[in-house]
Structure formats: C-alpha cells, structure tokens
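**Student:** I would like the entire structure built from these sequences, with the hints used as guidance.
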Amino acid sequence: MTIFFDGIASGVLLFLISVGLSVTLGLMNFINLAHGAFAMFGGYACVVLLNRYGVPFLAALPLAALLSALLGAVLERVLYRRLYRASDLDQVLFSIGLVFMSMAGANYFFGPTQQPLALPAFLQGQIHLPGLDAGVYRLFLIAVGLAIVLLLQWLVVRTRFGAQLRASVDNQRMARGVGIDVDRVFSLTFALGSGLAGLGGALGVEMLGLDPGFPVKYIVYFLIVVAVGGSGSIKGSLIAALILGVCDVAGKYYVPQAGAFVIYAVMIVMLLLRPQGLYGRRAAK
Amino acid sequence: MSSALQTRGLVKRFGGFTATADVSLDIAGGARHALIGPNGAGKTTLVNLLTGFLAPTSGSVLLEGRDVTRMAQHVRVRRGLARTFQINQLFPGMTVLESVAMAVCERRGLGARWWRPLAAHADALGEAAGLLRQLGLMDEAHEPTAKLAYGRQRLLEIALALATRPRVLLLDEPAAGVPAGESRELFETIARLPREVTIVLIEHDMDLVFRFAERITVLVNGAVLAEDTPQSIARDARVREVYLGEAADD
Amino acid sequence: MSPADAAADARDVSVELGPLRRAARWTVWEYLFWLLPVAAYFAFGDSLLFLSQIAITALFALSLDLILGYAGIVSLGHAAFFGLGAYAAGLLAKYGMGAPLLGLVAAAALAGFAGFVSSFLLLRGNDLTRLMVTLGVSLMLFELANKLTDLTGGVDGLQGVVLRPLLGRYEFDLYGRTGYIYCVVVLFALFWLARRLVHAPLGLGLRGVRQNILRMPALGVPVHRRLVLIYTVGAVYAGVAGALLTQTNAFVSLDVLSFQRSAELLVMLVLGGAGSLYGALIGATVFMAAHDLLAGLNPQYWQFWLGLFLVLIVLFARDGIMGGLRRLQAAVRRASRGSGAGGPREADEP
Amino acid sequence: MTELLRLEGVWAGYGSAMVLEDIALTLREGASLALLGRNGMGKTTLLATLMGAARLRRGRMWLRGADLARVPPQRRAAAGLGWVPQERDIFASLTVEENLAVAARPGAWDLAAVYGLFPRLRERRGNLGSQLSGGEQQMLAMGRALMLNPRIMLLDEPLEGLAPLIAQELLGIIGDMVRQGGMSVILVEQHARQILPLTEMALVLERGRVVYDGSSAALAADPGRLDQWLGVAARGATAP
Amino acid sequence: ADLKVGMVLPMSGPFAAYGRQILDGARLYIAQHGDTVAGRKVVVLVKDDTGVAPEISKRDAQEFIVKDKVDVLAGFGLTPSAFAVGPLSAQAKVPMVVMNAATSSVTTKSPYIVRTSMTLPQVTAPLASWAAKHGIKKVFTVVADYGPGHDAEKQFKKTFTEAGGQIVGGVRTPVKNPDFAPFLQKAKDAHPDAVFLFIPAGEQGVAFSKGFKERGLDQAGIKLIATGDLTDEDVLDAMGDAALGVITSFHYAEAHKSPENQAYVQAYHQAYKGHRANFMSVAGYDGMHLIYDVLKKTGGSAAGDKFIAAAKGDAWVSPRGPISIDPATRDIVQNVYIRKVEKVDGKLQNVEFDHVAAFKDPGKQGS
Ligand SMILES: Nc1ncnc2c1ncn2[C@@H]1O[C@H](COP(=O)(O)OP(=O)(O)OP(=O)(O)O)[C@@H](O)[C@H]1O
Ligand SMILES: Nc1ncnc2c1ncn2[C@@H]1O[C@H](COP(=O)(O)OP(=O)(O)OP(=O)(O)O)[C@@H](O)[C@H]1O
Ligand SMILES: [Mg+2]
Ligand SMILES: [Mg+2]
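Chains as they are written, first to last, in the numbering used here: chain A, 11 to 295; chain B, 179 to 428; chain C, 89 to 438; chain D, 14 to 253; chain E, 815 to 1181.
Bear in mind the hints are in silico, worked out from the structure with no lab data behind them.
Treat the hints with caution; some may be incorrect.
[Said to hold, decoys possible] Derived lysine-lysine pairs resembling PhoX-like cross-links, with alpha carbons at most 20 Å apart:
hint	chain 1	residue 1	chain 2	residue 2
1	E	Lys1110	E	Lys1154
2	E	Lys818	E	Lys1027
3	E	Lys990	A	Lys227
4	E	Lys990	C	Lys235
5	E	Lys907	C	Lys235
6	E	Lys1110	E	Lys855
7	E	Lys907	E	Lys1154
8	E	Lys1154	E	Lys1027
9	E	Lys951	E	Lys1002
10	C	Lys235	E	Lys971
11	E	Lys972	E	Lys947
12	E	Lys883	E	Lys855
**Tutor:** Structural data, given as structure tokens:
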C-alpha cells in the first residue's frame, strides 16, 4: 500500500515536471527540448527566493512559476516566434542550443554544485495511517498535481482559448483569417508552458535536486511522459505519468535487479501498443 | 467478362459510425464504372477499403477472383490495383520525372537496387518519360513538384497511378480543382487507356460522369442505393431526390 | 504482358537526362572536399588523434543521415549501434583477435544484426514515438552494459584492448598517423558506397518514404522492408564507426552507448543539414572543431558559446550549414544571371 | 448607396514574386461580384491579399472607408471579411462544432442556422476536422465563414467537391444573400455560367491584370469573350 | 625551460565541480609556494574532458604530449579517463599524477602513474571494521548499480562479514534515479542496525538522506553509514539538516584538526570565496606538492623514470594528515578517519572521532 502510494506520488512528480512540455510540445507542436531549462530556472528562482530573500515556500512556488512564465513570454517574443514554421530538426537544434546556454549560465551564476532547499516543517515527515505511511510532501505534490490537471483540462478543453490554440497550431494563416490573434494565443500558451515548467522545477528540487545539469538529466523523463501520454493530451500525460510512476516504484521494490529497465521497458511496450500515445489525437506534425 | 473487383458484405465502422454498410459490388473486367453519392456517403472510404489503406471491420475484397482482404497495400498494387487520391498525395521535393521514375522502378523490381545511379536505368526512365508525354507533363519533367500549379499536380497524381500499370484503376475525383477545359483533356487521356483496364471513377461533375461511365453505383449513407446504366440512374427518382436534384436534366 | 503495357509503349528514350546525370556525378567541390583530410594530415600533424575522432564521428553522423536524412526515421538512440560495434571490436581485441579489419567486420555484423531486429519496433508510430523507442532501446542497452561489469568493465571501461598492427604491418603509433589514415580511408570507402546508394533507385525510393510515407504503398513500395533495410545499413555504419573508435583509442568506455552521444550526434547532423551526406560530414567536423576550440578558450563556460553558435545557426541558416550553403549558391547564381529561377533543388518539405 | 470596398492600383504577390498587377475595383454595400479567370491567373491571390495572407506591394485598399492595409490580418475578420479559402483549411484537430464556434461572432448566423443549411454537419458535429469527407470539409469551411457574420463573403470555388444537390442549394442560398442585400459576396468559380446569373458585377483576371470589369449580364451575353478569357463556351448547353 | 603540467579535468558537464576543485587546490599550492621549482617555471595547462568521455581525455592527453610537449600529465577526475590515458603515459614515458580517479587498479595501467587521492576500498574497509566493532550487527547495503558501487559493496561485505557482521539484504540502485522511495522502504522493512550507502554524491545523496529522514528510518534507530564522498563538504550544505548524524569514513575533512589543515582551509577560503575545501581540492594540492618535491629531488628533471623513482616513498604532512607514496604500488598511503556530520558554528561539518593510521589500499592486496 505504501509502495502504491509512493508510486502515485512519483508519477505525479513526473507529471508536474513534464506537464509544461505537454503544453509546448504537445499543444503547440514546438519541439522544445529546452523545457528542462525553464524548469531549472523555476528551481533556481524558488531556491533564491527562499534562501536569499526569505520568502516562504508556499509563496515562492507561485512566484517561481510566474518568473518562469515571464521569461518564457520574453523568449517567445524575441526568439521562439521566429521558429514556429521551421522544421522539427531546426527546432531541436535551436532548443538544444538554449539548453547549452542555460547550463553554462546556471554554472556561471550559481556554480556547479547542488542547491540546498529546506522545506517548511509542515511539509516534512510522514502521516501514519493504518497500512499506509504517507509522506506529507508527497501528499502535497499529489494535491498540486490534481489542481493543475483540473485547471488545464478546463482551460484547454472547455474554453474557447483551447480551441483557438489548437486552431492556431493547425493552420496559422487560416486562424488569422477567422480572426484569432495567433501571436497572442501563442505568447500566452508559451508563457503558460514555461510557467508550468518553472513550477514543476521548483516543486522537484526537494526530490530531484538542482544543479546546472538539470535540463539534460531529466529530459528523458519529460519526453517519456509526453510520448506515452499522447501529444497534446493533459489527461494522457497524467495517466502516463501515473502508470510509469507506479510501475517504476513497484518494479524497484519487488524486482530491484531490473530497477533501471522497468521504466524504459514499460515505455516501449506502451508505445508499441499505442504508437500515438494513450490519448494521441494526431501525429506530432 | 469475369469480374475484376468484388466486395462481399463490406463494413467499415469508425467508432459508432458506419461509413460503409454491407457493400457488395461486382465490377466486371474492363468496366467504366462510376461511384456517386452525396457528400460523406462513403465513396472515399470504399476506395480506401479496396486498396487496403483502411482495414474493413468485416467483409472481404476480391481482386480478379482472389481474396485480398488481408493483403498489404503494396501487394495489391503489384497485383494490378492502383488508385489516385482525392487530395493530392505527392512528393513535393522531387521533380516530376523523379517521382514517376520512382514508381516505374518499383514496378520493374528495381526499387532496391543500390549500385547504379538512376540515370543509368535508361529503360525505366524512358518509360517514365513516355508517361509524362502521354499526360502532357513533359515540359515540367525537371520541375520540383511543389512548384507545379494545382491542375498539373492532379495530372501527376494520375501519372503516378499509371506508372504501376494497373489492371484496375480507382480514380477519386480526379477533376476536382481542374478547370473545365483541362478536365476534359484529362478525361480524354483516361479514355485512351486500353479497354482491358478496369476503371472506377468517383466524381461529382455529372457532366463528366454521364459522358464517361457505362455503369453507375450510387452510395448513400454507406450503402448501395442503386446500380444501373447511366440512363436509368438519371431517371431514378430516389437518386434524383438524394443526390442529383436537377443536375441530370439534359 | 499486362494489358496496360500498350499504354506505356509510347516510350520516349530521348528524355533529357542531363539534370539526373549531373546529380549523380562527382563535382569539383567534392574532389576539393576530399582533399581536405589529406591537407589536414600535413597541416595538423600534432592533432591526428583529434582528426581521426572527427573522421569517426563523421562516419557516425553519416550513418544517422542515411536513416534520418533519407528515410526520415528520427533516432535518439543511434549510439546503441555505435556502442555495440565498439564493444564487439574491443572484446575481440581483448581476447587476442586484435586484427583491426576483423574487428570492423565483426562490429558491422553485430550492429547490423541488432539494427535489423530493432527496426521492427520502428515501423509504426510518429516521429515522437520513434524518437522514444530508439531512445528506450539504447538506454536499456546502456544499462545492460553497465550491469555486465565482468564482460564490459562497466563504467570503468573495457581495458586490455590490444591491437595488432594494421594489415599485419602498420603499428598504431603515438602520433596517431596510422590511426588517422585508417579512419579516413574507411570513412571514404563507406561514404562512397553511401553516395552510390542514395543516387540509385533505392535512394530515390527512400526520399519518397521520407517525403510522403502514406503514398508509397499505393505505388507498390514495400515501405516496411525498405525501412528495415536502411535502418540495418545505418546500424552497420554506426557499428563500424564504433569499432574505429575502439581501435584508435585502445579502450572502450560505457559512454559509447550514452544518450548524450546520440543526442550530440543528432545535433551535429542537423547542424550540417540532413539529407545530403556532406551535411553529416560537415556538421560533425564543425561541431567538434567548435567544441574543441571553445573548450580550449574557455574550459568552464564553452557550453554557452556553443549553444549560442547553434542558436545563431538556426536563426540565420535554416536546414543547417548545407541549407545555408545551398541558398548562398542559389543567390550567387541568381545574382550572376541577373535574375531567373534556380532555388534549392533538394528542398524537401519540412 | 454606400461604398463597401475599394481597391486602387493594387500590386501583390508572394515573397518577391508579383502575381497581381494594378488591380482596381469597387464594391457597393450589398453588391455581388463574380471573380473569373483561368487557372493560376490570380483569383485566389486577390482574395488572399484582401485577407492579408498575400503580400500587398503597392496600392491601397479601403473597407468602408478605413484603410485595410493598416488592419492586421487577425482583425480583418472583425472588420467584416469572411473567407472560404480554396483549400478549405479546416482545423484538423478541432471537431466540427469547435471549427464553427472557435471564432464565431454574434449575428444572424449561429450554430442552429448553419446546421439548418448543412444538416450533414449536424450529424458529424463530433468528428474531428481531419476525419471529414472532402465535401463535408467544404460545407464546414462555408459554415465557419458564415458564423463570423461578415459583411463580405469571399468565396473561393465553394462548389468544388459538393454533390450536385448541395451545390444547387448553396447557389440558391448565395443568391438569397445577394438579393436580400445583407451580405456582399465575392465569388470565385470555374463554372462561370453558373454564377454570372447570380451576380451583378464581374471581374475577369488574366495574368494578374483586370481584363474585364463590368456587369455580369453583359459578360454572360458575350460567348466570344467568355471563351477567350475563360474557355467556357465549349461547355455548351450541357452545363449543369 | 618551463615545467609544463598538463591537467586533464572535467571542467564542464556533471562533474565540473570536481575539475574546478582539483584545479583550485593545485593553483593554491603554486600560489603559496611560488611558481618556480628547481629553477623551472611551473606552467599549468588545462583541458576539459567533460566528464565520462575517455576519448576526449585521451585526445587531450595526446595533444598535451605531442603538441604542447608537457612534462607531467595530471588531473583525471574519473576512472575511465585515467584508464584511457594510462597506456599513452606508458608509451610516451610521461609521468601521470592522478588526482582523483579512485578505482584501485588505475595505477597498474602505466609504470609512470602515481596517485595522490585515494582508492575506494581504502576508504570502505575501515568503515566496515569500525561498524562491526561498534555494535552494528546487521547491515543493509544500498549501492549504485555501477562498477564503483559493486566494488564498494564487495569490499564492505568482505570486511564486515570477516569481522563478524551480517548483511541482511541489499539493493543496487539505478545510476539515474529520480526516486529512492522503494529502496528506502525495502531497507526499512529489513530492520537492519545500519544502512551502508554508496551512491554518487550530489542530488542522489541529497535525495537519499532526505528520504531517510522523511521515511523515519532514523527514528527506527537505523544508522546511515557511508563513504565520505556522500557528505563531501561541497554538497553538505545542499543536504541540509538531513545529513546530521550520518557516519562516514574518509581521508579528508574540512574540519580536520591540525595546524596544516587550519592554514590550508583558511588560505582556500580566502582564495576562493564561497567555496569549501574538500577532498578534491586537497588531492590537487597534494598532487602539486608531489610534483614540487620530485623536481627538487631530481634537480629539475621530469623524465618519466627519474620522476617516478623520486616519487616512490615520498612522504610529507598534508592538510589531511601524514601521507606517503607506497614505493610498491605508487599509490597513496594515508590515515582514514571515521566521522559524523555535526553542526559546528552553524555550519555542517564532518567531525572526526576515530581513525585508522597509514592505511594502504586493500584492493591491491588481493590481486
Ligand atoms: N477516421 C474517421 N473517423 C470517423 N468518421 C470518418 C472517418 N473518416 C471518414 N469518416 C466519415 O465517414 C463518412 C464517409 O466519408 P468519405 O470520405 O468516404 O465520403 P465521400 O463519399 O468520399 O464524400 P465526399 O464526396 O464528400 O468526398 C463521412 O461522413 C466522414 O465524416
Ligand atoms: N504560395 C505561393 N507562393 C508563390 N507563388 C504562388 C503561391 N500561390 C500561388 N502562386 C502563384 O501565383 C499565381 C496565381 O495563383 P492563384 O492561386 O491566385 O491563381 P487562381 O487564379 O486562384 O488559380 P486556380 O484557378 O488554380 O485556383 C500562380 O502562378 C501560382 O503559381
Ligand atoms: Mg471523397
Ligand atoms: Mg485559386
């Protein structure tokens, strides 16, 4: 039972650090391998706010997300926007370039070492229930994850904004033709994706650590979640992350010899069964 | 004449929606057959099922008497079943000649040759050039496909299908987007194909359909409503009601 | 004879083949290009080990170009085959069979076999799916090699790789002269084969697969078989590159299988421009040279400058260096002709 | 009557290539215009220029007195232009209903009205744009433009790929719109004979230049010129 | 002529911190002792090998040798780099001072290699003996699933069981591992007296020790024992209070009490603001010390054979305590300390409370 709970929490963490990519890659169709750089930015923002300015953790989280969103909006305006029509491969090259720059930048400003993060006391420790020892921080992650899913699901599926976004991705020229302000839609969405990345990064520091290598260290996990979930599906990402998290944790507990293989094997099997991902609605470009 | 293409109880469902409902067709060898019906009646879907682009939910497809339902698309093509697409499916970065030469090489079994350059396969290139001449695309032989005007691209679409030397040819709205004058030329080219080649045509331009077809099948809501000669179809009240309107008034 | 033969009997052998012939013929630029490695041997005699590593990486990039640039299979796990080749050659040499050419053949065979088998996982799905499946396969192989410490030496690397002299005669020397000549000759030979392949009907068909994979079956092309074939060839090339690395370094480390190697490879290929063979060679060379140069100038923060370089390349030269060169060439031609047509010929769709 | 749209000395094209040369035209409120010409003569380009999707190189355009060139492309729908592009350009990952609603503006045309016009769309309302038949896409493109409740509909070969019955109905609707005068129409068609009776004015393009600008009736009555510019005379009386 | 020391180090990538610390240590030595020795000016050249990329290390070293004509190769953050360069040093007869690369067999790859850092068995074995002697009967091992992890596991098991202890279970964790929850749970379920941990320092160490506390293993009376790289001063601050009470064995601590170390730490803090002195920096410092010593002895010659002959048996008091170069293996002989993480003046420190003196690498006794 505890293992199952840990698996869920681990899955939600995966989801939280990947959901931003689900927005930029999945919804906007931009191969944004620099997703991890935004997450790292959020992480550093959170740590700096906490340690240097003494901002409480719960306030630092949204601030970190906001700062990342701002950064995203600025970069979208000056750089990303020029590349929406570039080929996938050019987008890969470009975003990897950004990753390199961000890593060197983080190294320059914060040094190559791990950043310390101390959680407030009320998020530490475990709650003991019969048959279940639940880490408080893990519970917190699950709560935040659920809130994000509901919010995004509502935003993307229920509101006209979501439809306008998908329309803009499908066909920019025509979207303008029916009166959609494509630039604004993209800016907002990219900022949203970056903000989520920043939030994920900030939430992840406690469990994943934070150093300049962050953007590449976890890139594989981001991609796994988005690919297995299906491009552009928030719900898919969540379910994929949960399945992966539970399988990974249970696999490591029960068959530790195969620990490293579980997550990759699960991914490959799921992709062979559902090449478009769990909720893939179309080929990614 | 023996039948070239048959279907038996063909059904295709997309989720809960039935796009093809129990269609049994029998098209004779050498036929000039038209498939008409309202938008969304399932004509394109039927072509997709015949060529193996889609797998049927149930039922079977027979090509010259042999069951090909489980056969891959390319195998059916090698057995003489070719098609064109309603929306162009071309190779934008290749020249016209390259595209057609590629199809010709494939048919001649040269597709996996990797030693001699394409230019050295004179026979195949000659045949490709012959096709281009036939469709009047010779002047654009070395143009990249992407630069061709829409109407010319429709012709290339047909040239590619002919390059496989089909015995059964399925044409999905070949004249869509081609202006009146050119579409007539196009149909003359198609009409010049050898009589043995079975041709199935989908088209909404009744003028062309009635001029070309010897038999017509009308599809409605995925099912066959009627099959008959053009004259009888034109007079059929049900067909007029759901599809033709006044279009068949001559 | 099928009935439709009559239609095609209006053969016209007199079609103008000039453009096609020209495309397959070696140009002056190419001859000049291949003089570069010769010139480099004399100009940079102190850095031959580095130069041979460039040649190896170029071969590796070439192998990715065959599958990505020509068949459109995106891979983030190509290091799997590189690594297999590297270990195959390394293990042979460790256990006494250190003849370099034998190592190449064994590496090619092993990597090719692995490529053949794994290609069946790639037949369905979109780019992202393929990216992840290739990545997953290579990561699992990495973990496997990491676990089998007895066989591979794990992260510490495979030691005791002892090479026989090349052709029984030429020792691998401290300056890396033998190694360099060896690598460049192998690279050239394999490049030459690849060049033939892409200009032959097979290469044409592969471009077709890349540009419109949906249409190909309707032309009678067994797409799956083609993908399997080219993926296997790509794997063979990668395996040979891996073997060369082992042989010039006399050491195999786990990172031959690493994700970073696959990712960097993709970056190099895209930097050079996919789908032209030369793009792979140029991309590998430029990337490695830039890396070396920047790391020399600024060992701690060179990544920043390299990243900036990549970003600028994308902003100012789409489709990599080759794309930029082609556009430049077209511009020059247009300028010299006053005006007129002549865009990039191989402008495949994005 | 008030002037709705006016173009003067318009030169336009794509990138550095010039397609249209020195186009002038005037459209009154509620008037209708047939835009004719052979393949590749620039009809689509003219509509694209109005929508801001092709590049205006020289000349001026006014919509109800306002300088259209200063209105960014995404505002032109709000300014009153409704576009049915030749390639339909359906949003593939939106459902039929989302396609209709995504940019709808208040007015007489709402979901119910469009579904009334094309019952087929109501049946397929949950389908994704990419899962529609060719003709259904055409209907959807038309419906989507109507939902904008524009002042001018720019229709680029709207009958292509439609079953004859639907095509006739649609022609009827367009006729009504024109007659009631609520909406102006610029109509591009290959089948000149079908639409000349519906429109008051006609404009014929040849190689990007205007070769005829006058009444539709006069043009329809001149088979010689029709044949010269459009190659339609040979179609004779069998036209549907 | 100048004495050129070519240092091959990870200056970027995941191990960039190591490279910087080693280089800082070496530079500090030069700054303190003047840049001339035996009449030759010492010039330090640095090339980045990005971490685990032995082909880059090898090419860096090769270019140092044939192009820059360096007298001494030095650095080597990770074992594969040292392995790849070893044969080159043998072939070119260039002395090679290994300043980290901790796998036992590194020094056997060339007769010109000498090491000033440590070996993994060297710091593992004393911990096992200490544990067995101090009331720890049952141990659960958690090691990273890669070569060094396997070595540490092997050495610990061997020494611990020989001393009468019992291994009640163990797991090998994937090298890339975002979540330790299942392993911690497994360790907890095994009810050991202590968990022996060997994983890469950095985010994994941080995550593990945080999880250890969160999951209440410490409250269950389980001790966390590890080799000292886990609580390297460089990551200690990032671990925060979760590290308190962790027991480790190692050859150097910033808090080591000796006048040499006090001077060293003070100078280090002064030279490199905001950085802490750790075992990496000391290895670089001592490596440079060795080079200076040797050159003084040989009168300025760095020829391979002379260099190594002079290095063998060299002994001095380093900030870490007395050390010497074993003439037989060219490896380092040094004290290994048992320490516990405590707060000293508000700063987390490894406080030494026991030690094994002049301990040789046990890894080479077997082979
Ligand atoms: N993938 C799909 N999922 C769901 N419905 C589909 C799918 N593909 C096609 N349809 C539906 O199946 C029906 C038949 O489509 P089809 O393309 O065969 O029509 P058609 O007869 O060719 O029409 P048209 O004359 O307009 O081209 C349409 O209503 C279409 O919406
Ligand atoms: N995107 C484009 N880039 C460059 N040239 C273009 C582009 N689109 C069209 N053209 C060229 O502009 C010219 C006019 O094309 P346009 O589409 O306006 O013609 P049209 O009159 O609508 O023809 P059709 O009847 O085929 O639709 C053609 O020569 C065409 O090749
Ligand atoms: Mg259809
Ligand atoms: Mg047009």
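**Student:** Does each hint hold? Answer for all of them.
**Tutor:** Verification of the supplied hints:
no.: 1; hint: E:Lys1110 / E:Lys1154; verdict: 39 Å, violated
no.: 2; hint: E:Lys818 / E:Lys1027; verdict: 49 Å, violated
no.: 3; hint: E:Lys990 / A:Lys227; verdict: 8 Å, holds
no.: 4; hint: E:Lys990 / C:Lys235; verdict: 13 Å, holds
no.: 5; hint: E:Lys907 / C:Lys235; verdict: 34 Å, violated
no.: 6; hint: E:Lys1110 / E:Lys855; verdict: 13 Å, holds
no.: 7; hint: E:Lys907 / E:Lys1154; verdict: 43 Å, violated
no.: 8; hint: E:Lys1154 / E:Lys1027; verdict: 16 Å, holds
no.: 9; hint: E:Lys951 / E:Lys1002; verdict: 15 Å, holds
no.: 10; hint: C:Lys235 / E:Lys971; verdict: 19 Å, holds
no.: 11; hint: E:Lys972 / E:Lys947; verdict: 15 Å, holds
no.: 12; hint: E:Lys883 / E:Lys855; verdict: 15 Å, holds
In this structure, the earlier hints numbered 1, 2, 5, 7 are contradicted, and the remaining ones agree with it.
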